[in-house]
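> For what it's worth, the working numbering labels the leading residue of the sequence shown as -18, then goes sequentially.
Each hint should be verified, as a subset may be incorrect.
Unchecked claim - Each computed EDC-like pair below joins lysine to aspartate or glutamate, with the alpha-carbon atoms no more than 20 Å apart:
1. Lys50 / Glu27
2. Lys50 / Asp70
3. Lys50 / Asp30
4. Lys50 / Asp67
5. Lys50 / Asp35
6. Lys50 / Asp33
Said to hold, decoys possible - Estimated spans, in silico, between C-beta atoms of each pair:
7. Asn148 / Asp197: 24 to 32 Å
8. Ser198 / Asp33: 53 to 61 Å
9. Asn192 / Gly43: 36 to 44 Å
10. Ala63 / Glu238: 32 to 40 Å
11. Ala243 / Asp218: 24 to 32 Å
12. Gly236 / Glu27: 55 to 63 Å
13. Gly213 / Glu27: 45 to 53 Å
14. Ser219 / Ser23: 47 to 55 Å
15. Ala244 / Arg53: 49 to 57 Å
16. Arg53 / Asp168: 29 to 37 Å
If you're looking for bench data, these hints aren't it; they were derived computationally from the structure. Here the structure is a predicted model, which is why all the values come from computation and not from measurement. Note that CB positions come from ideal geometry on N, CA and C, so glycine has one too.
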Amino acid sequence: MRFAIQHMFTSALTLALAGAALPALADQANGDGVIKLQQGFSGVCENCDMRDRDLSFAGLSGAQFPGGKFQRANMEQVIASASVFDNADFSGAVLREAMFTSSRLNGARFAGSSMQDFQAAGAKFIGADLSGAKMTHATLVGADLTNATLLNAHLDDANLTGAVLSNANAVAASMQDADLSGAMLNDVNFSGADFSGASFVGSVLTGARFNGAALDSTDFASTRLEGADFSGATGLDSAHFGGACGDAQTRLPQGFEITNCAAEGMGGPEELIHADLDGGQHDFGE
């Protein structure tokens, strides 16, 4: 059954409801199947089909759309805080300036979506696919992107302070001037990514791979780099590693010295890890 839902904030909000119709919505429908919502939609609509729909400016906070189909939908400036979109598909959708704060989007697909200025602090994107998503200036403070795919994603100037990206695949992503301070980045694959001007201050990068990454003026101050691999990375001469630590498995260009994390805080002299990869020198000064 298909309903057109008129959103009273701005233009029409049209929802195509797949499967069984929600009684609460059906009771509000007039003879033309039009439901006028004064305060937006906050119900449950499983597997809803909203492909190619105009949902811009809609109020969907508290709503549940598990398995929803939002491909190519216009969701610009949608407010969907504390909502559930597990396994929903937003491929090619427009989500500029949309707000999904504290929402759950585990397993959701955002491939190729336009998400500039996207607001999703505290949201969960576990196992989500954001390949090729355009997320410039996005806010993902404290978001959980464990096992997420960010292949070729654009996160320039994004704020990922305190975010979790453990085991994520961010190969060839662009994160120029992004803020990943205090983030948990264990075993992330950042190979070929561009982090020029980005900040990782205080973040945990155990087992992270930066093979062939661009790291011009990147700030790694006070990071944990046990097992991190910087083979083939460029721009390290201008990167900052003051207070960073690693271990014998940390791979940096020949001549680099970094404090052994295991020796820190033990009251004795700090042990230095001497990397053995070919490459240039680097000053680890403050």
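> Hints numbered earlier in the text: which of these fail when held up against the supplied structure?
Violated hints (numbers, rising): 8 and 10; every other hint is consistent with the structure.
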